[in-house]
Every structure is written in structure tokens, then in C-alpha cells.
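Quick one: dock chain against chain with the hints and give me the complex.
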Amino acid sequence: MLVKRLQPMISHARRNYVELMFQVMGRALQAISEVDETTRKETRALPDGFLFEMQVMPNGPKLIVEHTGDGLLHYHSNGAPRAVDLSIQFKHITHAFLVLSFQEKTSVAFANDRMLVDGDVSLAVRMTRVLNRLESFILPKLVAQRAVKEYPADLHLPEKLMSAARIYLKVATHFVETVRA
Amino acid sequence: MTNKYYEFFCPVKVIAGKAALEHIPYELSGLAAKRPMIITDKGVRAAGLLNPVIAACEESGLEIVSIFDDVPPDSSTTVVRDIARVYRKEKCDSIIAIGGGSAIDTGKAVNILVSEGGDDIAKYSGAGVLKHPLKPFFVVPTTAGTGSEVTSVAVISDEKKGVKLPFTSSFLLPNAAIIDPRMTLTLPPHITAATAMDAMTHAVESFTCMAKNPLSDAYATAAVKKVSRSLLGVMDNPKDEDGRLELAQASTMAGIAFSNSMVGLVHSLGHATGAICHLPHGLCMSLYLPYVLEFNLESIREPLGELLLYLEGPEVYSATPAARRAEASISAIRKLRDALYKRCELPRTLKETGKVLESQLEAIAKMALDDGSIMFNPKEVSLEDALSVLRRAWA
Ligand SMILES: [Fe+2]
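Sequence lines, in order, name chains U and B. If you read the first sequence in my numbering, its first letter stands for residue 4, the second for the next number, and so on. If you read the second sequence in my numbering, its first letter stands for residue 104, the second for the next number, and so on.
For reference, chain B alone in the conformation it holds in the complex (with noise of 0.2 Å):
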């Protein structure tokens, strides 16, 4: 392993913990912001997540000038165009994104248009095309999954083409991500378990797919044991506040783990059943984490069976034997997946989803083939590998 090499990067300034969204006024006088624009969708808005924010703000004299709340779940060029006329009609001069995958992305995109100017958004597609840093932008997010307050990437789609535009350029990245445990609180318990499984699936595949590294590494296996240990307490006890933290931290540090050392084959097949299925992005990594790990086994037995004292904790690890430890991972996987399917059904197989046909696999294997994160999985995949992945996955 003499040509190891890697490069990590977070410049995220992560703000954490309880009374977190009080210190969003003074961050943003840091950046010599007066005039932020929130944007969001309207489900945060119906479960009441603004107040507290405008009430921070407006406590330390900040006016929050704008409000777009009408973010859709798969943002589009149009949205994006709109939300940055109504920045420039109300001179705002910093931007807060609220909310889950969608809002954040499109908070990232708006951040485009506004500091680059224009009102084509798909100008901007593609790696590295941005050159200087844009308008102060933070992001507080409402779900515990994504991780895209720690990313550098953006997906908006083109609704006229009919196709996904990436953005990737580290000044995409927020100037603060803000975790306060009151903004996962009301979540409901099969999104909160489907993004926990969101999370633990970035943390496992950095860890085990090529680019892992020392320090995505470290970010990667203290989020399995954030989601290992906190996951089932929090479905029991839906308004343990500590436990929300654990989650949402989780989530952001899984974030950290995958944006620099990417993610693999279970990637590449819920990105594929997420567009033929629709099926939510969370619920498809819960899915095929198990699956896939099994058919990646061999490649990965090593870090996969490391990963069993962050899963299950010291004693069962020593207990287990070194060459036992990859599957009893896999196991530990499989109880939780189950311990969910008790509490709120979260699907364990496709079949169990009631969404997908068995006609439509191999449509979602081809289309797993083109999926960017497929590169990074250890193993190399044909199409009649993720074919038989799903297969097994199916019942």
C-alpha cells in the first residue's frame, strides 16, 4: 500500500446541541449578514420548526427578510430561478436553509445564482465550475439522514430536459451547519428510522468501500455507535432529547465520513429504486445495507468485521471470535432492521415495500450500473451481480 493517498476536507463550522439555533444571530454578524432569507418546504413550517429560529433572530434584533417556504421534495431549475428573484427584490444577503435533503440542495443552488448572477441555474452544472466563495449560507437540518449540511454537492432537477443537473464545488458548503435537537423532535417514527438508516448506511459504506480513510474512518465508526445505541431508544421514547442530539450528530458525522470517502453498491441501488420506484432514499439504504454487504463480504471482512465493537459494543466483540466478527456485523445489521420492522414496519425486503415488481429488477440493476458511487464499491459489480443482490433482497 505504498501509493496510499487521500485528502479530507470539512470546513463546516458545526454548532451543536441544545440552545444551538441561538447563536445562528451572532454567526451571522460574524459574516457582516443583516438581511438573511430562510428557505424551506412546508411541512417544516406546518410543525412550527420556524418560530423558534425567527424568535432567535429577531431577539437579537435580526429581521429575517424573507421567507420561501414552498420548496418541492425533488427541487427543480424553475424553483431555484424563483427563489433567487425574490432575493434580489429583497436584497437579502445571506441565506438559511431549513429542512431535509430538498431544501438544503436548494438552498445550495440559490447560493449559485445569487453570488454568480444570472438566472440559469444549469450553467453551473458539473464539477469544480464555481471559482469564488458565495454569500454567507447556514443549514439547520430537520431530518437526522442526509448529511448534506456536510456536503459539497447539489442535485437539482431540469424539469424541461427531464434530467437530474449535479452541482459539486466546495463553496457549496455551508459556513455553518446548526444541530439543535429541537428540530428533529417531531419527526415521525418511520422517517426517523429511515434516515437513522440513511446515516448508518454512509457510515458503513465510507468505512468500507476505497476511498475510506484514517480520518473519514474515525467520523465513520463514532456515527455507527451514535445510531447503534441511540436508534431504538429514541423510537421507544420519541421526545428524548438526548437521544435526538445523538441521532442528528450521527447523521452530520456520517456526512463528514462519506463526502471524503464516498459511498458504494448500496448507493447505486437505492439511487436506481429511488428513480424507477419511488421509493424513499432512507428506506431503500435500510433495505440493501444487509444485502449488499453480504455479496461485498470478502472484499471487506476486515473493516466490516472492525466495524462489530461500534455495532454491538466491547463485549460481544471480544466475545466474538476474529474470524467470526465480518458476519456477526452483518447479524447486528439485520437485528436492528428487524427491531425497526416491529416498532414501524420499515421495510426489510422489497417485497415487503409493496412498491416494487419483480419485472422491474433488472431495469434497477442496469440502472445501478451508471450510478456514480458504484466506482468506490470494493468489489467490481456486473449486471448479473446486482441482478442476484436483488434477488436475495426481493423476499
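With the rest of the complex left out, here is chain U (with noise of 0.2 Å):
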């Protein structure tokens, strides 16, 4: 009884959280190609306005930003302005929030037929590693390295940037732990 009755409150809150994290992500992101140069060598062989998508199948939560030239990333909070170039899939809302709660490395769910690429795989794994820069930037070294395969090693964080989107995720994590339980 008090399952069927939880479901839709716990999915729904699965949801926002994932729709959260996508904002998080896509403003984090811009954020680290401005004041991140290992960033930006990943990301400078990038095209010149080039559109990466990560989205939940079929039609749920998106995170869209555009390269919009020596390496720097542009987040697009209003949708993707035309057809994107690469598109990275969850295969359903659970999978993303697994992933995006750090209960799942990328790189396990990709392993775990999680998520699905559509365009250039060179270039998916370019931006995997540009999402594992992300992460181990704007998460607790603790949290981090659940995230990803490794912790860098050479982090400077620039902490002012990087506090706001901390914020989110104290929010963030806090949330998980109610969702979770």
C-alpha cells in the first residue's frame, strides 16, 4: 500500500533531481572551459559550434552546450537553438539519476548499456572526459571518486566559480539521501 502510494512521489523527485543536476552540469560546465586549460585542450578539438546533448529517453530531462570556439562551452538553458551533433542517451530516468547521483560512474554505465551514443564516438569520449573533469571538480573528493575511474591529481580549484554549483549540490545530495531511503 504505502509502495504504491511513495512510487509516483519518489519517481517524480527522481525527476526534478535529474532535471537539477542537467542545469548544474551545463552551467558547471561552461564554468570549467572558462577557467579550466585541461579543460579547454579537451575540448578546443571540438568543431566550432558544435552541440552536445546528454538527454533521458525518450523525451525527459536535457543538458545541451555548444562549443563555441577555442575550447570555450556555452550552456544553452532554453533548448538546443538546431540539430545536435552528438546526443549522449540514458535509456530511462533511473539510469540518469543513478549516474547523476554518483551512485554510478559514466564510464559503468556506458560499460552497463546504460546509455547510448548517437554521433561520433570519438568525440563521446572526448566529452566523457570532460564530464570526469566536471566531477571531480564540483563534488567532495569522497563523492569524486566514486564519479570517476580516477581523481586527478592536479586540481586547483577555483573555488569562487566552483561554490555556487556546490550549493546546488548540498541541495543535491541531500536530496539523494531522502530519495534513497
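Hint data in this document are derived by calculation from the structure and do not stem from the laboratory. All C-beta atoms in this analysis are idealised placements derived from N, C-alpha and C, irrespective of residue type, glycine included. One should not assume that every hint holds.
Computed Cβ-Cβ distance ranges for the label pairs, DEER-style [as the list claims (entries may be wrong)]:
| id | chain 1 | residue 1 | chain 2 | residue 2 | range |
| --- | --- | --- | --- | --- | --- |
| 1 | B | Cys447 | U | Gly72 | 43 to 53 Å |
| 2 | B | Asp339 | U | Thr41 | 17 to 27 Å |
| 3 | U | Thr41 | B | Tyr108 | 51 to 61 Å |
| 4 | B | Arg495 | U | Pro84 | 45 to 55 Å |
| 5 | B | His235 | U | Arg85 | 21 to 31 Å |
| 6 | B | Ala426 | U | Arg85 | 51 to 61 Å |
| 7 | U | His95 | B | Lys469 | 28 to 38 Å |
| 8 | U | Arg18 | B | Asp223 | 35 to 45 Å |
| 9 | B | Lys454 | U | Lys44 | 25 to 35 Å |
List time: in silico SDA-like cross-link candidates among lysine to any residue, alpha-carbon distance up to 25 Å [said to hold, decoys possible]:
| id | chain 1 | residue 1 | chain 2 | residue 2 |
| --- | --- | --- | --- | --- |
| 10 | B | Lys263 | U | Val87 |
| 11 | B | Lys267 | U | Asp116 |
| 12 | U | Lys65 | B | Ala230 |
| 13 | B | Lys263 | B | Ala225 |
| 14 | U | Lys65 | B | Val232 |
Computed list of chain B residues with no C-beta within reach of chain U, every gap over 12 Å [stated by the list, open to error]:
| id | residue |
| --- | --- |
| 15 | Lys145 |
| 16 | Ser169 |
| 17 | Asp177 |
| 18 | Asp196 |
| 19 | Asp223 |
| 20 | Gly231 |
| 21 | Lys234 |
| 22 | His293 |
| 23 | Ala314 |
| 24 | Gly475 |
| 25 | Pro481 |
Next up, the structure:
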């Protein structure tokens, strides 16, 4: 009985969480591309105007960023201005939730067939590295180790820029604990 | 590991063993196919390998309507379009691909065009584009290595744009893979060795990389055991039909394993080296395998140690302390490579290939980092890491 009544609440909460995390990540991607040379080294190889999307299938929340040149990423909060070039798609909101709540590493999610790549695989590999970099930036080290294969040794945190994201994350972590219980 | 999840899929009927080719007519008729087209290459035809297939069909009153025997080693969109035209003109209704990776990939791509329509194969590039089953499609591998007969991927180059187009769909899988020892009996020694080491690498990587799962593990260990037991025997006695069949089955099993659990850094480096230095794929696999295992060692100690049982057998396994088994597995692979070097000079280092310049290592490392398979390597790989593996593989 209780399960039946709780289920819609949990799934609603998950959806909100995934949407929120996509927003946090979108802004954070733009921010680290402005301050972090290691990130820019990766993103410079993307074509100018390249649109990257992460989406929950079939029509769930999405995150869209554009490479505007010289490694800089721009977050499109109102959807894609045109057809995207590369899309990483979660098969279900539950899988997106697992990854975005750092219960499953991005690389593990790929290995576990949780998500699909539509577009150039080598660019997807590159974007995965950027996402790993992002996660190790915005997450407390303990959580980040769970989210990425290896925690980079050379992190110099641009504290100010990331503090906003961290606040989001505190909210988010709280959220996870509530939903998981 | 409460989040452990996996998928495993292999709907290919495997028809293997003595006189397997003679089952083709029956299998075709089971799919209501009456007008098969053969897609192959000049080498296969010159080796006389088409004869038993054609004879098997004729004896059952089944006519091979068309034979295309000009698949190049690196198949292209133009070749695919041309073959599809012949297929339509001759009103064929099924495809038999006979050969190695290129002929099989070409067969898969032609099947897309003749089933879905059109002349432009590029339109179907990517993952999950196909939504319907294709025409009856059989594969007869003539090398024992690539495992392409059980993978849902094809790669075709677009010469005009100078890019390689990937196609991924479970509909690319053939209805049946026919493994007949007659087809690999005449493989020259260095190709036998290189392709068997490709199969070995598929098995070892799928057993040690991130997407390993219980079902692919079973196929991987069986494949490692078959290659370890049979390869040197076949090198010494190429006409050994039983040994040839063991290697061919190992290749298919390793193919099933890696198509479900993917490969890692050996393949990333191998793909890059193939593209830059034009070295055969199997050779690159054999070359890089021990160096990559050494790099991954601390992340894969347990599974790699388990492989010792399949590489060296129960006596050596039980005589080796658990803490030393992973290293012993690497030594076993090195020993096998030395034995192959003695028999056919299969290179063990980049220097021994005579085709790689030290100045190319950086370009290889950079390209390897963008290869899809690196995602599944159990250890994160930086540019420095890739370079240091390459330097160790140099000499
Ligand atoms: Fe391979």
C-alpha cells in the first residue's frame, strides 16, 4: 500500500533531481571551460558550433552545451538552437538518476549499457573525459572518487566559481538521501 | 557492487565442425532463400575456398546466382553501392559473406542497402538507425580472429570524405555463422598467428575490462583455453584439422565475449597504430597485449590471475601462489609470443615491426585516447600513460 502511494512521489522527485543536476552541470561545464586549461585542451578539438546533448529517453530532461570556439562551452538553458551533433542518451530516468547522483560512474554506466551514443564515438569519449573532469571539480573528493575512474592529482579548485555549484550539490545530496531511503 | 547490471545478446546460429558448409543449403531454405549472392575477395577465391561452398549448394540444387569477389582490404561506400546494384539486378534474395573482417563488414553493409533501399549507405551510419530485420545473411569466416561473424558492427570507409563510417545494429548480425575447418586450413603461418592473437586479445580484454559479465566471462575463458592449447600445434602442423577447428571456434567465442563486454586499451592503441602505420590488426594486438596488461595490472589483478588456469592449465595454476598469478599470466602470454616469434617472426616490439618510427609514438598515443574502446579500459589513461606504454612496447 505504502509503496504504491510513494512510488509516484519518488519518480517525480527523481525527475526533478535529474533536471536540476542537468542545469547545474550545464552551468558548471560553461564555467570550467572558462577557467580550466586542461578542460579547454579537450574541448578545443571539438568543431566550432558543435552541439552536445545529454538526454533521458524518450523525451526526458536534457542538457545542451555548444562549443563556441577556442575550447569555450556555452550552456543552452532553453533547448538546442538546431539539431545536435552528439547525443548521449540514458535509456531511462532511473539510469540517469544513478549516474547523476554519483551512485554509478559514467564509464560504468556506459559499460552497463545504461546509455547510448548517437554521433561520433571519438567525440563522445572526449566529452566523457570532460564530464569526469567536471565531476572531480564540483564534487567533494570522496563522492568524486565514486563518480570517476581516477581522481586527478592536479586539481586547483577555482573555489569561487565552483561554490555556487557546490551549494546546489548540497541540496542535491540531501535530495538523494531522502529519495534513496 | 549492488548496481551491477549487464546485457548479453547473441542470436547467431553457430554451425560448426566437419562438413559444416554442407548445411548451408538447408539453412537457406529454412529462411525461404533461393537466390543467394556470395560476397568475398580475390584471395579467398584464389585459395579455392569458394569451391566447397559452391559444390555444397549445387549438390542440393541451389544455384549461387551471383559472386562478387573483389572486396578490397578496406571496404568503401562505393564498393557497397556497386554490390547492392548487382544484387538487385540479379534478383538475389540472400547474402553469403565468405572471408575475413572486410568481406564480412561489406556483406553487412550491402545487406542494409538491399533491405532498406537506396544507394547511399552513409545514411544508415550510426547506432540504432535500423528498425527492421534485414535479408537472410550467412557468414563463413576464413580467418580465425576477428569474430566479425558474431558482432553487430560494420565499418566502411567513405573515400570521398576520408572518414570511416561505423554501423551498429543487432540487425547486422548474420542468421548463421558457418565454421568449417576447411576454410582456415590454408592460412599462412604469420596470419594464423596474428589472427589467433587477435582472438586471444578479445578474450583477455573482455575478461579484464569494465563491462565484463558472467556470460561473456564463460565465453572468454573458453576461448583463452582453446587458443593456448591449440595455437602452437597448428603452427607446427598447419594441416591439423582439429586444431584449426579449435582456433576457429575460439575466435567465434572470443567474438561473442567481446561484442557483449567490449575491449580496452590494447584495441585503442592497435586501432591507432593500424591507422597511422598500416600494420595488420592482429599483429598490433599480439604486440601490445602484455604491455597493456602490465599497465592495468593493479586494476585487474584478480581476473588476470584467474586467467592463468586457462593459459597454463591446472598444474601451473595450483602451483602458483595466488598473489603471483596475475604476473604469471602475463609471463605466459609473453612466452607464447616468443614461441610465435621463433616460428614466424611475429613482432613483439614496435621496433621489430620495422614499420614504426619512434617519432610517431606521440601521434599514436593521441589518436588512441579518442578511440571508443578506451572508455572500457579498467584504468583511466592519460596521454602520458599511453605514451609510456608505447615506449615500453618500443624495444
Ligand atoms: Fe580485435
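The hints, checked one at a time:
1. Cys447(B) to Gly72(U): 43 to 53 Å: 51 Å, holds
2. Asp339(B) to Thr41(U): 17 to 27 Å: 52 Å, violated
3. Thr41(U) to Tyr108(B): 51 to 61 Å: 31 Å, violated
4. Arg495(B) to Pro84(U): 45 to 55 Å: Given about 47 Å between the Cβ atoms, the range holds.
5. His235(B) to Arg85(U): 21 to 31 Å: Given range 21 to 31 Å: holds, Cβ gap about 29 Å.
6. Ala426(B) to Arg85(U): 51 to 61 Å: This hint holds: roughly 57 Å between Cβ atoms.
7. His95(U) to Lys469(B): 28 to 38 Å: 35 Å, holds
8. Arg18(U) to Asp223(B): 35 to 45 Å: Roughly 39 Å apart at Cβ, these two residues keep to the hinted range, so it holds.
9. Lys454(B) to Lys44(U): 25 to 35 Å: 30 Å, holds
10. Lys263(B) to Val87(U): The hint holds at about 24 Å.
11. Lys267(B) to Asp116(U): At roughly 24 Å apart (the allowed maximum being 25 Å), Asp116(U) and Lys267(B) satisfy the hint.
12. Lys65(U) to Ala230(B): 19 Å, holds
13. Lys263(B) to Ala225(B): 11 Å, holds
14. Lys65(U) to Val232(B): Holds. Lys65(U) to Val232(B) sits at ~21 Å (cutoff 25 Å).
15. Lys145: 31 Å, holds
16. Ser169: 34 Å, holds
17. Asp177: Consistent with the label, Asp177(B) stays out of reach of chain U, its closest Cβ about 18 Å off (over 12 Å).
18. Asp196: 32 Å, holds
19. Asp223: 19 Å, holds
20. Gly231: Nearest chain U Cβ is 7 Å from Gly231(B), so the label is violated.
21. Lys234: 14 Å, holds
22. His293: 30 Å, holds
23. Ala314: 4 Å, violated
24. Gly475: 4 Å, violated
25. Pro481: 8 Å, violated
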